[in-house]
Every structure is written in C-alpha cells, then in structure tokens.
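Chemist: Each chain, letter by letter, is given below.
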Amino acid sequence: MSAISVQGLTKRFGGVLAVDDLSFDVQPGTITGFVGPNGAGKTTTLRILLGLVRPTAGTALVNGVRYASLDRPAHHVGAVLEASGFHPGRSARDHLRVLALASGIPAARVDAVLAEVDLAAAARRRVGGFSLGMRQRLGLAAALLGDPGILILDEPTNGLDPAGVHWLRTFLRSRVDGGCTVLVSSHLLAELALSADSVVIVKDGRLVTQGPVAELTGGGATVRVRTPQAEQLRVALTARGVDAVLDGPDHVVARDVGTEVVGQAVAQAGLVVYEMSAHRPALEDAFLALTGDEGSPS
Amino acid sequence: MTALIRSELLRLRTTRATWGLLAAALVLTLGWEAMVLSGIGGIDAPARGSAELRDALLGSTGLGMFAVLMLGVVAATSEFHHATVTSTFLATPRRGRVLGAKAAACALVAPPVAVLLLVVAWTTGVLAGAISMTVETETLSVVARSMVVAACWALLGIGVGVAIRNQTVAVIVPLVWFLVIETLIPAYGLSWLLPWLPGGAMTALAGGRYPGAQAAWVAFLVVMAYVLALLVPGARAIRRRDIT
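As given, the protein sequences belong to chains B and V, one line each in that order. Position 277 of the first sequence, counted from 1, bears residue number 258 in the working numbering, the numbering being contiguous throughout. Position 178 of the second sequence, counted from 1, bears residue number 394 in the working numbering, the numbering being contiguous throughout.
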C-alpha cells in the first residue's frame, strides 16, 4: 500500500483552479520531492492531504485513510507547514506541551524532540524572539512529537542557512533509513536533487511527471578531464566504447560514464591528468525542460 | 476529550493575555470598590455594616466579569490571530471537539476567577472596616451565583469569538454592545426589551434587580440561548472553513 495516495484531486478557490485532477503515489520508505514553480498547487495539495482544506473533488489518503479520520493523527503523520504560526508569547516548550497534551503524548517526549532539532537550549525562550530558522526547527519538533511514520514538509528549507539545509537533509535521510516516509515540497530543485529518491513534478495544479530522480535526470554523469595529452585520452576512452570528445587543446569531455572508468583508462594509457570532475545533469535542468518554465518569477 | 480540555487549560495558562486579563479584572473590581467605599456616609449610600453595603461591595466584581468575557473572546480568536489554528487542527482534525474543549476550559477557569475576585472584594471591605468579618449565608449564595455568572460570561465570550473570528472586532463589538447599546436602551423607552438582551439577562442572573428582570433560571436560559445562537453557526462555519 502507498504511504500517500492522491487520486483525481481537484480544488477550486472561487474562480481559481488551484489543483486540477492531480494523482500521484508515494511509496513507503522513500523521500519524495514534491516540486513545481510557485503557485503550482503544492501547498493546497498538502493541506488537503492533512485535512485542513476540503477538496472540490478526488481523494487524498495517508496509509489508506483520510487524515481527518485518524484518531490522534500525530502518531501517524507529522507535518511542517508554512504559515503555521506560533503564539509569540509562549515558550517553545509550552507550545509543544499544548500539542502533546492534545495528542495524548507524554511530556517527556517534548524535551526529546527539542533535543532532536537542536533547540534544547532555547526551550524556555519565548517564540516571539525566534529566528525563521528556529521556527522551522520548532515546527519540525512539533511534527516529530508522535514519532510518526510519515513526514510531510512544505518548503521546510525556507529561512534555513546552508548549514541548516544540510542538517535537514541529513536528518530526513536518517529518518527514511529508519523506515520513515517523507514527502517534501520545494520550489528549489537543486537542494532536493541531493536528497530525494523520487520526485513528483506539478505545474498549474496538474501532474507533469513522477518518477525516480535518476530516471528524470537521464542517469550517467559527464566527466571533464584537463590533461596535456587530450588527444591520447580521447582515443583511449573511445577504444573503451566511451563517448568522448575534445573540448579545446587540453580538455576531454566523456559522457554517460563514471570517474572510475575514466581513471582506469588514464592509468592504462599512462597519461598525466591535472584535473578531473564529474557533472550530474541537474534536476533543475530536467525540471525546466519538463515544465517549460524558464524560471520566471510566477 | 479530557486530554483536549487539559491542553486548552495549559494553553490558557501559558498565554500572557490570560494573566493580563486577570490583573485587569482585579484592577476593575478594586477600582469600583474604592468608589463604593468612598461614597459611604453620603446621601443614599448604604450604611457601614449593612447588608446593602455588603452586596454593593461584592457587586464590584461585576465589572471584573468583562475581563472574563474577554478571556473567552481571546481564547476563541487567538488561534486565528496567531495562525496557530493549523497546528491545533493537525493535532485534532475534529474541529468541533477543539471548540468544545476551548469552551469547557474557559467555563472551568471562570468560576475560580469569580471566587478570587469576591474574596479580594470581601477582604478589602473587611479591612476597610465597612463590613463585619462574619460570613453570612447570603454571602455564600452570592459566591455560588457569581460562579455560574462567570462561567456564562466566559461562554458568551467564546460564542462572540467563534462567531466573529477577527480578534480586534470580537473585542470591540461586545464592549460597544454592553457599555453603549444596552445602556442606551432605557433612554429610548425600550426598557421592556432589557430582560431579553444578553446584558440584561446576565444582570438578572447575577441577582441585579430592575423592572421586568427575569427569575434567575429564565435569565440563565436566555443567556444560554445567546451562547448557542452565536456558537452553533460560528462552529459550523469553522468546521467547513479551508485553513490556508
């Protein structure tokens, strides 16, 4: 059974069709990136999935049931949403204690999740003085209260510094390695390419494509080598069946190949290499190609 | 449901507005009491040690009930004001239960507040030498009645907050209603309407006497009718609302 299943989902806000007959599935134990330009309907879809917004048509199920029909959903699904507020006068710890009580979660768990997101030192400070990054961490702490098997995050990297983004990526990967399923939305694709197993790409409320990241980016990397013996390397690579071309007098570009193969070819031919780098086609490029969106602010 | 109510009680306890309103209730009560005390000996003023003076002093807590009303209003609107409603409804998708727990929490908090205000008012009166230190049966019945009245004010506040949702508007509307509109009713010759209005009914429930005032139980039913008239459509709208 899919951890998350969206079927024929449609949502109309007045005259605006925010989500248009959208269907996709998220397999258990994976990180799935939910990507699309701003205004593609990502937030609306996630909010329908979480029972906050009523769909006009279609269904959105977690673990095969509607979120609203889960008893104490915190134990099944944890969500970090944008624009989910905090009372500025309440401390981080009290914010979590209120939610923990409502979900029947013991108070000890509050301190545990605060430590998990590195907020233990700020636990008794009022949220009003928190930075955006700290609020994101507090939101994540709230999502973890019930130790859920599914995490749903809407643009969680907003407000995080690069170290914070790296921390989040590592954190999500460790959750998934522990058996968790993660659905994370983003309009920034580069940061997702490094962490997601598969992606769901949407535009204008409709599904563009869904699949493993490797499939969308076309598999192999491009290896670029700087060497004074460029022509000899090109010949050596071609002899191994690698698609290699010269790029100027001292560069060779090999396509759809790993650095291991290029390195072995270099060693066997006894060549000198100054520099070698591998480039994976960016998810960003694949995304732009698929959506026909030239990155214009929409 | 018990867990939800405890959660809402904790929410109230960890909000500074709650303590600010409690302080306001004390200040309003003591301020009114100071006026009553300073009037002793004047024309038409109740005499020192009289039952009338005791009732007037204990009646000072009536003004503090506005703070209890506001407690309900703030409890109901704060979640929309601070956008905490998202995490609240994520934890408890059954929104009607959340509203019910809020109403229950406020109705539980209000009676002890009324008792506290009465104790402060009574003690101040005793210390000022205006009333004797003996606790009469009438005093205890005022306490019991005030506890019910306080719970009703809190519920009315919840009703107003749920029906209006916008915190600023929900704070202003009842102030204008009770302090301006209902006070002007007699001036327009509409005094017959008073027993059927929320403020008039609340006064009757608190034991206030005026021409046409209902018996306490009728006044209680009138107040509850207003609470339900506000709460039910308001709750229905919130249950259907898209939280974006």
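Treat the hints with care, since some could be wrong.
[Said to hold, decoys possible] Covered by chain B, per the in silico footprint, the following chain V stretches (three or more residues, Cβ under 8 Å):
(1) 230 to 236
(2) 292 to 300
(3) 303 to 311
[As the list claims (entries may be wrong)] Residues on chain B that point at chain V, a partial pick, calculated with CB under 7 Å:
(4) G32
(5) V34
(6) T37
(7) A55
(8) A60
(9) L62
(10) G66
(11) G70
(12) R71
(13) D75
(14) V79
(15) L82
(16) G85
(17) A102
(18) A104
To be clear, the hints were calculated from the coordinates, so they are not data collected in a lab. Note that this is a predicted model, so its numbers are computed, not measured. Ideal Cβ positions, reconstructed from N, Cα and C, are used throughout, including at glycine.
Chemist: Against chain V, with CB atoms and a cut of 7 Å, does the hint on L62 of chain B hold up?
Modeler: At 6 Å from the nearest chain V Cβ, L62 of chain B passes the 7 Å test, so the hint holds.
Chemist: Grab the minimum C-beta distance from V34 of chain B to chain V and call the hint holds if it beats 7 Å, violated otherwise.
Modeler: Cβ of V34 of chain B sits 4 Å from chain V, so the hint holds.
Chemist: Taking the least C-beta to C-beta distance, is A60 of chain B closer than 7 Å to chain V?
Modeler: holds (6 Å)
Chemist: Given G85 of chain B was flagged as interface, is its beta-carbon under 7 Å from a beta-carbon of chain V?
Modeler: holds (5 Å)
Chemist: Quick one, is the A104 of chain B hint okay against chain V at 7 Å, beta carbons?
Modeler: violated (13 Å)
Chemist: So, L82 of chain B near chain V? Judge it on the closest CB pair being under 7 Å.
Modeler: holds (4 Å)
Chemist: May I ask you to test the interface hint for G66 of chain B with respect to chain V, counting a Cβ-Cβ separation under 7 Å as satisfied?
Modeler: With a minimum Cβ separation of about 3 Å from chain V (threshold 7 Å), the hint on G66 of chain B holds.
Chemist: Can G32 of chain B be said to touch chain V, with a Cβ gap under 7 Å?
Modeler: With Cβ-Cβ at 5 Å, under 7 Å, it holds.
Chemist: Please check whether the stretch 292 to 300 of chain V has three or more residues whose CB lies within less than 8 Å of a CB on chain B.
Modeler: As far as the stretch 292 to 300 of chain V goes, the hint holds, because 4 residues have Cβ atoms under 8 Å from chain B.
Chemist: Answer holds if the nearest beta-carbon of chain V is closer than 7 Å to that of T37 of chain B; otherwise answer violated.
Modeler: violated (11 Å)
Chemist: Do three or more residues of the stretch 303 to 311 of chain V come closer than 8 Å to chain B, measuring C-beta to C-beta?
Modeler: holds (count 8)
Chemist: Can the hint on R71 of chain B be confirmed by a CB-to-CB distance to chain V that is less than 7 Å?
Modeler: At 5 Å from the nearest chain V Cβ, R71 of chain B passes the 7 Å test, so the hint holds.
Checked against the numbered hints above, the structure breaks hints 6, 17, 18 and satisfies the rest.
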